[in-house]
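Asks: In case you want the letters, here they are:
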Amino acid sequence: MTRDRAQLGMAMFLMSEAVFFFLLVLAFRYFAPLPHLNSRNGWLLTILLLTSALSLWRGWRWVTIALGAAFFIGELFFLGTTFFVLADIHGLHILAGLIALAIVPASALRAMALYWYFFTAVWLVILLVASRA
Amino acid sequence: MTSWLCAIDHKRVGILYMLSALLFFLAGGMEAMVMRAQLAAPNLKLIAPETYNQMFTMHGTTMIFLVAMPVLTGFGVYLVPLMIGANEMALPRLGALSFWLQLLGGVLLYFSFATGAAPDAGWFSYAPLSEKAFSPGAGVDYWALALLMIGSGSVGSAINLIVTIATGRAPGMTMRLVPLFVWMTLVASVMIVFALPALAASLVMLLSDRLFFASFFDPAQGGEPLLWQHYFWIFGHPEVYIVVMPAFGMISEIIPVFSRKPIFGYPFVATSTVAIAFLSYGVWLHHMFAVALGRNFLAVFAAASMLIAVPTGMKIFSWVATMWGGDIRFTTAMLFAVAFLLEFTVGGLSGVAFAAVPVDWQVTDTYFVVAHIHYVLFGGTVFALLAGVHYWFPKMSGRMMDEKLGRWSFWLIVLGFNTAFFVQHFLGLLGMTRRIYSYPDLPWFGALNLISTAGAAILVFGILLFCANIAMSFFFGTPAGDDPWNAWTLEWAASSPPLLQNFAEVPEVRSRRPLWDQKHPEAPDWVVVRSDA
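Top to bottom, those sequences are chains X and V. Heads up: the first sequence begins at 140 in our numbering, then just goes up one per residue. Heads up: the second sequence begins at 606 in our numbering, then just goes up one per residue.
If we strip away everything but chain X, and leave its shape as in the complex, we get (with noise of 0.2 Å):
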C-alpha cells in the first residue's frame, strides 16, 4: 500500500515535470539558439545515462548511482562550455535524483525508478531537439 501510494505520488509529479519540460523545450526550440549535443560527447554521455537506467531496472541502485553521477560530472563539463539553461536544469534534477537514490529506503526504490527512467527520457528529447537546432 505505502509503495503504491509513492508510486502513484512520484507518478502525478512527473506529469507535473512534463508539462514544465514540454514548455521550456517548446520555448528553446523557438526562441533560444541551442548548443549542438549531436557529438561525440553528447552521445557518450546518452550511453551512460542509458545504461544506469538500465541498471536501476535490474535492482542495482549503487551501479545507477556511480553511472548517474559520471553523466552528472560530463553534463556540468563537457556541455558547460556554451551555456545552455535546459541542460542545467535538467542536471539539477539528475543531482536531486542521486542524492534521493543514495538515501531512500528500499521500498521507495520502485518510485525513484520511474523518477530516473522519466529523466532518461526527458534527456533523450533534449537530445533529438538539439540535435534538429
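Think of the hints as simulated: they come from the structure by calculation, not from any bench.
Not close to chain V: a few residues of chain X, all C-beta gaps over 12 Å, as computed:
| hint | residue |
| --- | --- |
| 1 | 178 |
| 2 | 180 |
| 3 | 185 |
| 4 | 187 |
| 5 | 196 |
| 6 | 205 |
| 7 | 212 |
| 8 | 213 |
| 9 | 215 |
| 10 | 216 |
| 11 | 234 |
| 12 | 238 |
| 13 | 249 |
| 14 | 252 |
| 15 | 260 |
| 16 | 267 |
One-sided excerpt, in silico: chain V residues whose CB lies under 10 Å from chain X:
| hint | residue |
| --- | --- |
| 17 | 764 |
| 18 | 772 |
| 19 | 794 |
| 20 | 797 |
| 21 | 810 |
The calculated label-pair distances, taken between Cβ atoms and stated as ranges, are:
| hint | chain 1 | residue 1 | chain 2 | residue 2 | range |
| --- | --- | --- | --- | --- | --- |
| 22 | V | 610 | X | 234 | 21 to 31 Å |
| 23 | X | 264 | V | 925 | 42 to 52 Å |
| 24 | V | 712 | X | 231 | 19 to 29 Å |
| 25 | V | 656 | X | 165 | 31 to 41 Å |
| 26 | X | 234 | V | 886 | 24 to 34 Å |
| 27 | V | 963 | X | 270 | 39 to 49 Å |
| 28 | V | 1087 | X | 197 | 51 to 61 Å |
| 29 | V | 656 | X | 234 | 38 to 48 Å |
| 30 | V | 721 | X | 165 | 35 to 45 Å |
Where a beta carbon is used, it is the ideal one built from N, C-alpha and C, also for glycine.
Chain X is fixed; fit chain V onto it per the hints.
Replies: The following block gives chain V in isolation, referenced to the frame of chain X:
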C-alpha cells in the same frame, strides 16, 4: 511549540496553513488599505509612486499565492482525510514539507521589503517590464524565487491530496459517493499539478534572462515578450479556478446542511467541475485580447470563455435548487454562503461581459477589471471561506463561534465589500485605468473613489471583528459537541476537535450521507440510491 513545528498530523498541518494564510491576509489587507488611502481623493501624494507599485504587486501576489491557495490547501488537508474516513494523509511528511516550502517562500517574498527592493512589476510581472533593463532592482528576483518555492509547495500538497483521495477512502466510498468538497479539492489539485509547471517554466526563463544573460523575452536578441504572457496565462487562468473550486466545494457542503436537503444534482455539480477544469486550459488568450492576435483566435477564445459560464451556471442552479423548498436555517455560515451565491454571480456576469471582445477592448486594464476580480475572488472565494470557517470552526476547536458577533461581522463585510467594489465598475466604465498612482479631478472620479475607500474601511472593520470572534470563541465559546449542525458527512462522526487517530472504527459507507444513514437506520439513503440505480 516544538510539537507544532515538527507536526506531520494532517489536522495540525492544516491549521498551520490556515494561520499562516490569515497572517498574510492581514498583511495583504494592509497593502490594500495603503492603496485605498492614496486613491481616496484626486491628486493625493500620501506615498511615493514607487511605493504604490510595490503595494499593488505585493497585494496581488500575497492574496493569490500566500492567502487563497494556502488557506484552501489548509482546509483540504484538514478536512479531506476526515471526510473520506481516513486517519491521515497518504504522504504525511510531504505534507509538512509542502507547508514549510510555502511559508518560507512567503517569508522570502516579504524579506524583499527589508532590503528596500520589494517587487513592483505587478502580480503578473509582464515582460519586458520585468526584465533587467526596466526593473534593475532585486525585487523581481525575490518575486520569482519566492514563487518557485511557493509553487513547489503547492504542487507537493496537491499530489498529497490526490494520492490521499485515490487510496485512502473508507470501504464502500466510491468516487460517486465522496463529499463534493473532496471532489472539488481533487479537481483543483489535478489542475495545480498541470498548471503550476507553466508558471515555473515562465519563472525559470525570467530568472535566466535577468541573472544569466539569456534572452527569452528580449526582442532585440531574438526573444519574444509575448511568450511571457502566453505561458503566464496558461498557468494564470486555471489558477483562477484552482482558487475557486474548493470554495465551490465548501458551498456544496454548507448549503445542503442548512437547507436540510441533500444537494440537488450531485452528478451535475461534480461533472461540471471537471468540465470547467478542461475548459480553463483553453481560454488563456482572453487575458490577451488587447494584444493583436488575429480575428479567428479572438473568436475561438471568446466562445470558449463564454462556454465556461454554462457549467458554472449549472452549479449556481444546483445550489439554488437545493435551497428551494428547504427548511433553511440562517446561521452565520449560511448567510455567508447565500451572499457568496449573489456576489459570485455578479462577478460571473461581468466575466461573461469580458468574454465579448469589444467589451474587453473598451474596459481592459480599467477598474472594471479590478471590480470583476474582486467580486470573483473576494465575493466568491473569500465569502465561501468565511462560510467554511464558521461551519467547521466547531469541529476544529471544539467550540462554537459567537453568532451575534458573526452576524455583525457578516453585515459589515457585506456592506464594506459591496461599497468598496461595486462603484469600481463605474470607475472602470468612466475610464479610470488600474494601477495608476494618482488621478486628476475628473467628473465623478473623486466621489466614487472616496466611496470605495470608505467601503474598504468598513470591510477592514468587519474582518477585524471576524478575527476577534475567532480568538474569543477559541477561548470562551460554548462547547460544540461532535455534530453541532446535525450534518451528514463523516468529519462530524469524529470528536471535536478530532483525536490524533480520527476514527476508532470507520463505518462502511453506502451513500453520500453516511452519517444520515447512521442516524436514520429506518430510512437510509442507500435504499433510495439502490432502487434508482
